[in-house]
Amino acid sequence: MSTATRVPRRRSAAGIPPLRGLAPLVAVLVLWQLLAPADDPYFPPPSRWFAALGELDGAGTLWSPLLTTLVTFVIALVIATLLGAAIGVAVGRAPGADRVLGPTFEFVRTIPAGALVPVAVLVIGYTRSMTIAVVVVTSLWPVLLATRAAARELDVARLETARVLHLSRLDTFRKVVLPSLSSSMVLGLQISAPLALIITIVVEMITQVDGLGKQIGLAQSQFQAATVFGLVAVTCLIGLAVNIVAAALARATRRYAA
Amino acid sequence: MSAGVQVPVAPGVAPDAPPRRRRRRVNLPGLALVVALAVLWEVLVRTVLRAFDNLAPTTEIIRSFGELVARGDLAAQIGHTVAVTLIGWVVSTVVGVVLGVWLGLSGVAWRWSMASVEVLRSLPSIAFVPVAILVFGFSEQMELVLIMYVCLWPVLIATIEGVRGVGPGLLDSARTLNLGRLRTWRCVVLPAAVPRLLVGVRLALALAVALAVIAEMLGNPAGLGFGIVFAQRGFQPGQVFAYLFTIGIVGWALNALFTAAVRMFAPRFAGSL
Amino acid sequence: MSAAGRVAAGSAPAVADDAAPGGVSVECRGLSIDVPTDDGPKRIVEGLDLRVEPGEFVCVLGASGVGKTTVLRALGGLVPPTPGSVLEVDGRPVDGPPDAGVMVFQNYASSLLPWRTALSNVELPLEGSVRDRGTRRERAMAALRLVGLADRHAAYPAELSGGMQQRVQIARALVVRPRVLFMDEPFGALDAMTREGLQDELLRIHARTAMTVVFITHDIEEAVYLGTRLIVLEGRPSAVGHDLRSPIGPDREQVATKESAEYLRLRHELYAAVRGERSGGAP
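Residue numbers (the numbering used here), protein chains in the order written: chain Z, 1 to 258; chain D, 1 to 273; chain A, 1 to 283.
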């Protein structure tokens, strides 16, 4: 901070941390690869993971479960989003709904997802519908809360503008309400999407219903460490992809924000 | 995983603050709904939903709850789950805060590790359950390690954000008053980071409960998670529902205790909770 | 010592027992400041020469965006000027915030620590240097008394009005007995009545302590009312456009002074200057 100082450096764009920060992660992976013996029962080196995944592929049990999980996840997420938005709007625009529904919502919202699984199994059985049901009940909350907040704050001025311009109810909904709601839905989606993925896999793990979760559970019970790590890596990649898509959606709808 | 996540805030929209019941009036309408639902459930299960023989009406749920309490299992299971949750959570909080403060204050450390943190924190936490079981088998250790690892991230991230997000006005003030580096950290930066930090710690608590239950359902035959799975496999719907509500209440109670503790010991920072 | 800091003959004694030991000079020669933008560094200020004598109350005016705040922050040691600029407070080069000076910011809410009481906020700068708790508290209370907030010392910032919060910030600045006060539009966010009250308080404090004040404002009326010297920054990049000494005496009052001939003449001059700058320099 002397008089002979350089021009202050500009902050990196949007606070994205510098790439050199990946160094520790890369270092750990490299060290792991180099130091772990190939047949280590607990921490096989990353190269073994690929081999294990290849074996699964050969046996036909890699892509099919993966697809099953993805389909379940997507269906459940769509239902959860629509349901959450519908309830959120309804609750948001109904005065006094908060006070009545408050305690019930709070309680159901905070039930750990795992606890719902035995109940769902008991009622629905070991099926994909059961998985979807559990995922929907646990993942609709972020979207519900976001749309509820947006519905409450829905710019009175915008709605009155619509009235003044004699927009039909359908038009009002389409052109005024929907865009602002879509933005809050996407915001909730950023939280609910990764959550839904996790819960889908949790349910599959607990119930051994077909899917990635079941495969991981199977590998773990057979002490196939390399397979476990390989599938975990696949799960992480899917998770990253979901985050990226959700973030991209968020950016795209930002102009519609209330 | 718990669905008790942070409320997302739409840009330009005021944060959705929970109805502040500072007025000590009991929420009668809310309570009324709960009672009404309980009654409705009783009626439905005994009439319309009779075809489903795996549903338990309210009265049976209450009876099963009584049974479990009388048997003595429930208390022990609650104790186990709560103990594991708290230990894992406390450890991850301490580590997360210390690490977070370091990464937040040290520009060098931040630049050389933040990208890794971002990657690791976005990995689905559930993916590490089988790894934990593989390495630690069916044990308390497994539960603890799992909770400590997964709960570390929300605390770490929140602490880093809190430390780095200190308002420029406060930093300018510290500079013009010549407080010096250490005093700026101690008196300005760290206290300013606490509200954000607490949000992460609270999230971690909810996560810890959820993970404990899942770990118990998958790996460690003890605690509430084991209890509910055992009841389900034994086709005891009354007990399953009783366990469900117990787990829900335990989670709620821990959260309420935490919020109350913060309000009591650090009232100036409780605004964010 | 404080001889050069004397305001004018006939004014109240310049130094009170619990006030600062007079003001110091603030000087810059060839001050240039670059500010980082998306298209690279932009020169906001070029070759600014200014010397503020000890005890002067200098008001810096100028159009929005001309760089008043930037210049003040450079003088206050918060922003580094480009190499080659000379910046001195009390004859010593400025390398970071000077010990003799404190800045008061416009956004009082962002400057006070919300988790500390008013008294505790004012004690903050003393905690490193004054070991004894009792002394610290006494000095902080004295500073609060100077701004008229001694009775609210146990209140938290959120419980205080905007004007009171700003007064707490001023007290916090005064408690270290600064010899120069840098003020960045401190009353800009306040309503007219509060502003007038604080202006008078500031004049009182200035008379008692005889410290140097560099005061930024975009409000011409405020500048004429407060200042003993008025500077107008002009140009892109900016430099000193006008430098006027105020003919108004030290005893100022919100109604009487603003009707006086000297006030009106100075005000007229300034408006012409600022307007001239706005229309590109044509008189």
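Be a bit skeptical, because a hint or two may be false.
Claimed, not checked - Calculated from the model, a selection of chain D residues having no Cβ within reach of chain A, i.e. all distances over 12 Å:
{"#": "1", "residue": "L44"}
{"#": "2", "residue": "I62"}
{"#": "3", "residue": "D73"}
{"#": "4", "residue": "G137"}
{"#": "5", "residue": "P168"}
{"#": "6", "residue": "D172"}
{"#": "7", "residue": "A266"}
What the hints assert, rightly or not - Sample of chain A residues at the chain D side, in silico, Cβ under 7 Å:
{"#": "8", "residue": "V102"}
{"#": "9", "residue": "M103"}
{"#": "10", "residue": "N107"}
{"#": "11", "residue": "S110"}
{"#": "12", "residue": "P125"}
{"#": "13", "residue": "G188"}
{"#": "14", "residue": "Y271"}
As the list claims (entries may be wrong) - Each pair of labels, with its calculated beta carbon distance range:
{"#": "15", "chain 1": "A", "residue 1": "S161", "chain 2": "Z", "residue 2": "P24", "range": "46 to 52 Å"}
{"#": "16", "chain 1": "D", "residue 1": "Q141", "chain 2": "Z", "residue 2": "P46", "range": "42 to 48 Å"}
{"#": "17", "chain 1": "D", "residue 1": "V39", "chain 2": "Z", "residue 2": "A97", "range": "19 to 25 Å"}
Since the hints were made in silico from the structure, they are not lab data. Note that the structure is predicted; figures quoted are calculated from it, not measured. By construction, the Cβ of each residue, glycine as well, lies at the ideal position given by its N, Cα and C atoms.
Comparing the hints with the structure gives:
1. No Cβ of chain A approaches the Cβ of L44(D) within 12 Å, the least distance being about 50 Å, so the stated non-interface status holds.
2. The beta carbon of I62(D) is kept farther than 12 Å from every beta carbon of chain A, the shortest such distance being approximately 46 Å.
3. Every Cβ of chain A is farther than 12 Å from the Cβ of D73(D); the closest lies at roughly 46 Å, confirming the non-interface assignment.
4. No Cβ of chain A comes within 12 Å of the Cβ of G137(D); the nearest lies about 46 Å off, and the non-interface call holds.
5. Distance check on P168(D): its Cβ comes as close as 7 Å (rounded) to a Cβ of chain A, failing to clear the 12 Å threshold; non-interface status is violated.
6. A cut-off of 12 Å between C-beta atoms contradicts the statement that D172(D) is not in contact with chain A; the least separation is 6 Å.
7. The claim that A266(D) is not at the interface with chain A is violated, since a C-beta of that chain comes within 12 Å of its own (minimum 9 Å).
8. Because the smallest distance between the Cβ of V102(A) and any Cβ of chain D comes to about 5 Å, under 7 Å, the interface hint for this residue holds.
9. For M103(A), the interface hint holds, since its Cβ comes within 7 Å of a Cβ in chain D; the closest pair sits about 4 Å apart.
10. Hint status for N107(A): holds, given a least beta-carbon distance of 5 Å to chain D, under 7 Å.
11. A distance limit of 7 Å between C-beta atoms decides the matter here; for S110(A) the minimum to chain D is near 3 Å, and the interface restraint holds.
12. For P125(A), the suggested interface contact is upheld, since its CB lies about 4 Å from the closest CB of chain D, less than 7 Å.
13. Below 7 Å, beta-carbon pairs count as interface contacts, and G188(A) has none with chain D, the closest being about 14 Å; its hint is therefore violated.
14. For the restraint placing Y271(A) at the interface with chain D, the shortest Cβ-Cβ distance is roughly 32 Å, beyond the 7 Å limit, so the hint is violated.
15. Taking the beta carbon of each, S161(A) and P24(Z) are about 50 Å apart, inside 46 to 52 Å as hinted.
16. A C-beta distance of roughly 25 Å is found between Q141(D) and P46(Z), which places it outside the suggested range of 42 to 48 Å.
17. Look at V39(D) against A97(Z): about 20 Å separates their beta carbons, and that is inside 19 to 25 Å.
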